[in-house]
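Taken in order, these protein sequences are the chains called L and W.
Under the numbering used here, the first residue of the first sequence carries the number 1, and numbering increases by one thereafter.
Under the numbering used here, the first residue of the second sequence carries the number 1, and numbering increases by one thereafter.
Hints are supplied without guarantee of correctness; some may be wrong.
Claimed, not checked - Between beta-carbon pairs, the in silico distance windows are:
{"id": "1", "chain 1": "L", "residue 1": "A52", "chain 2": "W", "residue 2": "G1", "range": "29 to 35 angstroms"}
{"id": "2", "chain 1": "W", "residue 1": "D59", "chain 2": "L", "residue 2": "V12", "range": "36 to 42 angstroms"}
{"id": "3", "chain 1": "L", "residue 1": "V12", "chain 2": "W", "residue 2": "T78", "range": "30 to 36 angstroms"}
{"id": "4", "chain 1": "W", "residue 1": "P8", "chain 2": "L", "residue 2": "E59", "range": "39 to 45 angstroms"}
{"id": "5", "chain 1": "W", "residue 1": "D59", "chain 2": "L", "residue 2": "D73", "range": "43 to 49 angstroms"}
{"id": "6", "chain 1": "W", "residue 1": "K57", "chain 2": "L", "residue 2": "P83", "range": "26 to 32 angstroms"}
{"id": "7", "chain 1": "W", "residue 1": "E15", "chain 2": "L", "residue 2": "P61", "range": "40 to 46 angstroms"}
{"id": "8", "chain 1": "L", "residue 1": "T86", "chain 2": "W", "residue 2": "L40", "range": "34 to 40 angstroms"}
{"id": "9", "chain 1": "L", "residue 1": "N1", "chain 2": "W", "residue 2": "I108", "range": "29 to 35 angstroms"}
{"id": "10", "chain 1": "W", "residue 1": "Q14", "chain 2": "L", "residue 2": "P61", "range": "28 to 34 angstroms"}
{"id": "11", "chain 1": "W", "residue 1": "E79", "chain 2": "L", "residue 2": "T20", "range": "30 to 36 angstroms"}
{"id": "12", "chain 1": "L", "residue 1": "Q57", "chain 2": "W", "residue 2": "E15", "range": "27 to 33 angstroms"}
{"id": "13", "chain 1": "L", "residue 1": "N62", "chain 2": "W", "residue 2": "K57", "range": "19 to 25 angstroms"}
What the hints assert, rightly or not - Partner residues aside, some chain W positions facing chain L, computed with beta carbon under 7 angstroms:
{"id": "14", "residue": "L46"}
{"id": "15", "residue": "K57"}
{"id": "16", "residue": "K58"}
{"id": "17", "residue": "Y97"}
{"id": "18", "residue": "F101"}
{"id": "19", "residue": "G104"}
Source of the hints: derived by calculation from the structure; they are not laboratory data.
Just so it is clear, CB atoms sit at the ideal spot from N, CA and C, and this is done for glycine as well.
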Amino acid sequence: NAGVTQTPKFQVLKTGQSMTLQCAQDMNHEYMSWYRQDPGMGLRLIHYSVGAGITDQGEVPNGYNVSRSTTEDFPLRLLSAAPSQTSVYFCASSYSQGAGTDTQYFGPGTRLTVL
Amino acid sequence: GENVEQHPSTLSVQEGDSAVIKCTYSDSASNYFPWYKQELGKRPQLIIDIRSNVGEKKDQRIAVTLNKTAKHFSLHITETQPEDSAVYFCAGGGGSYIPTFGRGTSLIVHP
Numbered sequence: 001n002a003g004v005t006q007t008p009k010f011q012v013l014k015t016g017q018s019m020t021l022q023c024a025q026d027m028n029h030e031y032m033s034w035y036r037q038d039p040g041m042g043l044r045l046i047h048y049s050v051g052a053g054i055t056d057q058g059e060v061p062n063g064y065n066v067s068r069s070t071t072e073d074f075p076l077r078l079l080s081a082a083p084s085q086t087s088v089y090f091c092a093s094s095y096s097q098g099a100g101t102d103t104q105y106f107g108p109g110t111r112l113t114v115l
Numbered sequence: 001g002e003n004v005e006q007h008p009s010t011l012s013v014q015e016g017d018s019a020v021i022k023c024t025y026s027d028s029a030s031n032y033f034p035w036y037k038q039e040l041g042k043r044p045q046l047i048i049d050i051r052s053n054v055g056e057k058k059d060q061r062i063a064v065t066l067n068k069t070a071k072h073f074s075l076h077i078t079e080t081q082p083e084d085s086a087v088y089f090c091a092g093g094g095g096s097y098i099p100t101f102g103r104g105t106s107l108i109v110h111p
């Protein structure tokens, strides 16, 4: 059981380039989300999904796209990278036993630098 | 939506002392309050959680208390050790299935 996996671990982009951060989980969790972590800002929600085919915006969605075609995968696309998107990105998944939130299982993170 | 405030942002203690981190939340429908620990360069991982039908929960040297009336919950670490040094995050969430995180507390335990 690998849990939540993310690739790549590190990435350097030039301004204007696009790329996709990959996230996969093998726990059959319904809920998946993407966070960015910047110093002093905590974990800010970018996009999330409550099931295959369903996505919604979080607190800081601009410049990012997501899709959820399968339960396992939840890729995050940067459309045109900007230096402000330099950050550490975490994917997370959770299983809901009913209404409300539950334990988040985080991936190892992707450290992205945009020059 | 939910708003979670976490204090302090930095906490420095001597080894063996106790540490307390406090979070307040805004949504009275919130019913699950986890605490995550993030060591340097690692992912956040759950260390303890509490649900709204319980006032206190303990696990060895860590405990979480919840005051629903005042809408705050706290993490207590006793007999701190250098390996407790990390960033700690609280989270809250009501009707939403995705939690709202506090901004984190950097705990430094001096040997």
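- Query: Quick check: which numbered hints come out false for this structure?
  - Reply: Failing hints, ascending: 1, 3, 4, 5, 6, 8, 10, 11, 12, 13, 15 and 16.
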